[in-house]
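S.K.: Chains as they are written, first to last, in this note's numbering: chain A, 1 to 140; chain B, 1 to 140; chain C, 1 to 140.
Wrong hints could be hidden among the right ones.
[As the list claims (entries may be wrong)] Straight-line C-alpha distance at most 20 Å; calculated SDA-like pairs for lysine to any residue:
no. : chain 1 : residue 1 : chain 2 : residue 2
1   : C       : Lys68     : C       : Ser42
2   : B       : Lys18     : C       : Asp45
3   : A       : Lys2      : B       : Lys2
4   : B       : Lys18     : A       : Lys68
5   : A       : Lys74     : C       : His51
6   : B       : Lys68     : A       : Ala140
7   : B       : Lys2      : C       : Leu119
8   : C       : Lys122    : C       : Ala140
9   : C       : Lys2      : A       : Val13
10  : B       : Lys74     : A       : Lys87
11  : B       : Lys74     : A       : Ser46
12  : C       : Lys2      : A       : Leu88
13  : B       : Lys117    : C       : Ala92
14  : B       : Lys18     : C       : Lys18
15  : C       : Lys122    : C       : Lys74
16  : A       : Lys18     : C       : Lys84
17  : C       : Lys2      : A       : Ser46
18  : A       : Lys74     : C       : Asp45
19  : C       : Lys113    : A       : Gly91
20  : A       : Lys18     : C       : Thr34
21  : B       : Lys74     : A       : Leu47
22  : C       : Lys74     : B       : Ala28
23  : A       : Lys68     : C       : Val80
24  : B       : Lys74     : A       : Gln14
25  : C       : Lys117    : B       : Val8
26  : A       : Lys87     : B       : Ser118
27  : A       : Lys18     : C       : Asn41
28  : A       : Lys113    : A       : Leu88
29  : B       : Lys117    : A       : Val8
30  : C       : Lys84     : C       : Asp45
31  : C       : Lys18     : B       : Asp45
32  : A       : Lys2      : B       : His73
I should point out that these hints are in silico values taken from the structure, not numbers from a laboratory.
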Amino acid sequence: MKISARNVLAGKVQNITKGAVNAEVTLALQNGETVVAIITNSSVDSLGLVHGGAAFAIVKASDVMIGKGLDGHKLSARNVLASKIVKLQDGAVNSEVVVRMTGGTEVVASITKESVKSLGLKIGDDVFAVVKASHVMIGA
Amino acid sequence: MKISARNVLAGKVQNITKGAVNAEVTLALQNGETVVAIITNSSVDSLGLVHGGAAFAIVKASDVMIGKGLDGHKLSARNVLASKIVKLQDGAVNSEVVVRMTGGTEVVASITKESVKSLGLKIGDDVFAVVKASHVMIGA
Amino acid sequence: MKISARNVLAGKVQNITKGAVNAEVTLALQNGETVVAIITNSSVDSLGLVHGGAAFAIVKASDVMIGKGLDGHKLSARNVLASKIVKLQDGAVNSEVVVRMTGGTEVVASITKESVKSLGLKIGDDVFAVVKASHVMIGA
Chain A
1 MKISARNVLA
11 GKVQNITKGA
21 VNAEVTLALQ
31 NGETVVAIIT
41 NSSVDSLGLV
51 HGGAAFAIVK
61 ASDVMIGKGL
71 DGHKLSARNV
81 LASKIVKLQD
91 GAVNSEVVVR
101 MTGGTEVVAS
111 ITKESVKSLG
121 LKIGDDVFAV
131 VKASHVMIGA
Chain B
1 MKISARNVLA
11 GKVQNITKGA
21 VNAEVTLALQ
31 NGETVVAIIT
41 NSSVDSLGLV
51 HGGAAFAIVK
61 ASDVMIGKGL
71 DGHKLSARNV
81 LASKIVKLQD
91 GAVNSEVVVR
101 MTGGTEVVAS
111 ITKESVKSLG
121 LKIGDDVFAV
131 VKASHVMIGA
Chain C
1 MKISARNVLA
11 GKVQNITKGA
21 VNAEVTLALQ
31 NGETVVAIIT
41 NSSVDSLGLV
51 HGGAAFAIVK
61 ASDVMIGKGL
71 DGHKLSARNV
81 LASKIVKLQD
91 GAVNSEVVVR
101 MTGGTEVVAS
111 ITKESVKSLG
121 LKIGDDVFAV
131 VKASHVMIGA
């Protein structure tokens, strides 16, 4: 499978909670992190997702935010992943930030250049990769 | 109506499934494709959506992914639309990819230039436009 | 808290409607606007959101659309905020549009340069900032 989403993270299904229309799926990644996705019930069925089954969490770079100093704060985003910046590339308006999570998995974020500046982001910084569960797709 | 979302696709409501907070709305586009959206129940009511009624599926270019060789794979994204690349335009960090679905409808995707490169995308390629249902708005 | 999302809007919780998996949270911003977010039930609990409590609506610039002449139309997006364009900055592919809502709060949108052109956007224009509820995070 080739997909333009920059983040395709392999893992195993750890939990599935079905609602009326949507379901919450938790994936345990290979390096120990967990990722939560909100997908439709129909997708849980059509993908045949079961506890322990192999699956991918797929996230577009533009759906990843970078946070700093979030320790005392709380976010509704279900995915707040402790990371370190390993690469920074500026464009005209947007920048690409690559972070490595504590478990070693890399995640690419596309944020505005203005945010890189206002957060003073630089390689080596301890940050958080923040992703809303509804922005995570599941592949199988 | 003028909206910055690059994809405003005319269709008719084919199905509505209401949940506790969210609803799943399926639209049949004019050229035969179907698009699934997750919107709130309140929006179904305030838009007065009914089976057979005219409506628009509205999707930001940045919410469209491009997939290749997805045949053997499954994605939780409810919208995986067989398409052909008809236009490619590179920016500094992001690229714009225009695809034409088999029914003829064009869809614009904004993906990173790195993805265009790593997937080896070029005009004429058979690809899939992939959109999560929760990223589709409905206009009426 | 420092986060790359360009829009961090302070407000108070006005309403919470829980579903099976997701919840709808309405925030009253300081300048009078209201913003609706869809987050998971777990997040409502872990953030300890209560009626009247202080909270932030957090939205990535890339999740904000700009609409014009929407008056006769209806959108499923729960956040359609009357605004005026105060700043425009073009990149190679994307542009940054800053709008000021009637209450005074500024919102940053990242849209394609092509949309700026096709909508004929310019400083001083009356527009709407459009954001799907599922794209709004809540911080506390």
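S.K.: Each hint: holds or not?
M.R.: Structure-based check of all given hints:
Restraint check for lysine 68(C) and serine 42(C): the C-alpha separation of about 36 Å exceeds 20 Å, so the hint is violated. With a C-alpha separation of about 24 Å, the suggested pairing of lysine 18(B) with aspartate 45(C) is violated against the 20 Å cut-off. Using a Cα cut-off of 20 Å, the hinted pair lysine 2(A) and lysine 2(B) is violated, with the two alpha carbons roughly 33 Å apart. Under the criterion of a C-alpha separation no larger than 20 Å, the hint pairing lysine 18(B) with lysine 68(A) is inconsistent with the structure, at around 38 Å.
With a C-alpha separation of about 17 Å, the suggested pairing of lysine 74(A) with histidine 51(C) holds against the 20 Å cut-off. Under the criterion of a C-alpha separation no larger than 20 Å, the hint pairing lysine 68(B) with alanine 140(A) is consistent with the structure, at around 15 Å. With a C-alpha separation of about 7 Å, the suggested pair lysine 2(B) and leucine 119(C) falls inside the 20 Å cut-off, and the hint holds. Of the supplied pair hints, the one linking lysine 122(C) and alanine 140(C) is violated, its CA atoms being roughly 35 Å apart against a limit of 20 Å.
Between lysine 2(C) and valine 13(A), the direct Cα distance comes to roughly 31 Å. Violation of the 20 Å bound is thereby established for this hinted pair. Restraint check for lysine 74(B) and lysine 87(A): not satisfied, since their Cα atoms lie roughly 31 Å apart, outside the 20 Å limit. For the hint linking lysine 74(B) to serine 46(A), the alpha-carbon distance of about 8 Å falls within 20 Å, and the restraint holds. As the CA atoms of lysine 2(C) and leucine 88(A) are separated by approximately 18 Å, the hinted pair is consistent with the 20 Å bound.
Note on lysine 117(B) and alanine 92(C): the hinted pairing holds, with a Cα-Cα distance of about 18 Å set against a maximum of 20 Å. The hinted pair formed by lysine 18(B) and lysine 18(C) meets the criterion: a straight-line CA distance of about 14 Å does not exceed 20 Å. Using a Cα cut-off of 20 Å, the hinted pair lysine 122(C) and lysine 74(C) is violated, with the two alpha carbons roughly 24 Å apart. With a C-alpha separation of about 41 Å, the suggested pair lysine 18(A) and lysine 84(C) falls outside the 20 Å cut-off, and the hint is violated.
Of the pairs offered as hints, the one joining lysine 2(C) and serine 46(A) is violated, with about 39 Å between alpha carbons and a cut-off of 20 Å exceeded. A hinted pair counts as satisfied when its Cα atoms are at most 20 Å apart, and lysine 74(A) with aspartate 45(C) qualifies at roughly 11 Å. For the suggested pair lysine 113(C) and glycine 91(A), the alpha carbons sit about 14 Å apart, so the restraint of at most 20 Å is met. For the given pair, lysine 18(A) sits about 30 Å from threonine 34(C) by alpha-carbon distance, which is inconsistent with the 20 Å threshold.
Taking the CA atoms of lysine 74(B) and leucine 47(A), the gap is near 6 Å; set against the 20 Å cutoff, the hint holds. Distance check on the hinted pair: lysine 74(C) and alanine 28(B) sit about 19 Å apart at the alpha-carbon level, within 20 Å; holds. Note on lysine 68(A) and valine 80(C): the hinted pairing is violated, with a Cα-Cα distance of about 29 Å set against a maximum of 20 Å. Distance check on the hinted pair: lysine 74(B) and glutamine 14(A) sit about 18 Å apart at the alpha-carbon level, within 20 Å; holds.
For the proposed pair lysine 117(C) and valine 8(B), the alpha carbon gap of about 16 Å is at most 20 Å, so the pair holds. A C-alpha spacing of about 18 Å is found between lysine 87(A) and serine 118(B), which places the hinted pair at or below 20 Å, so the restraint holds. Among the hinted pairs, lysine 18(A) with asparagine 41(C) is consistent with the structure: their alpha-carbon atoms are about 12 Å apart, no more than 20 Å. In summary, the hint linking lysine 113(A) to leucine 88(A) is supported, as the alpha carbons are separated by about 10 Å, within the 20 Å threshold.
For a cut-off of 20 Å, the pair hint linking lysine 117(B) to valine 8(A) stands: about 16 Å separates their Cα positions. Between lysine 84(C) and aspartate 45(C), the direct Cα distance comes to roughly 36 Å. Violation of the 20 Å bound is thereby established for this hinted pair. Among the hinted pairs, lysine 18(C) with aspartate 45(B) is consistent with the structure: their alpha-carbon atoms are about 18 Å apart, no more than 20 Å. Between lysine 2(A) and histidine 73(B), the direct Cα distance comes to roughly 10 Å. Compliance with the 20 Å bound is thereby established for this hinted pair.
Violated hints, in rising order: 1, 2, 3, 4, 8, 9, 10, 15, 16, 17, 20, 23, 30; the structure is consistent with all others.
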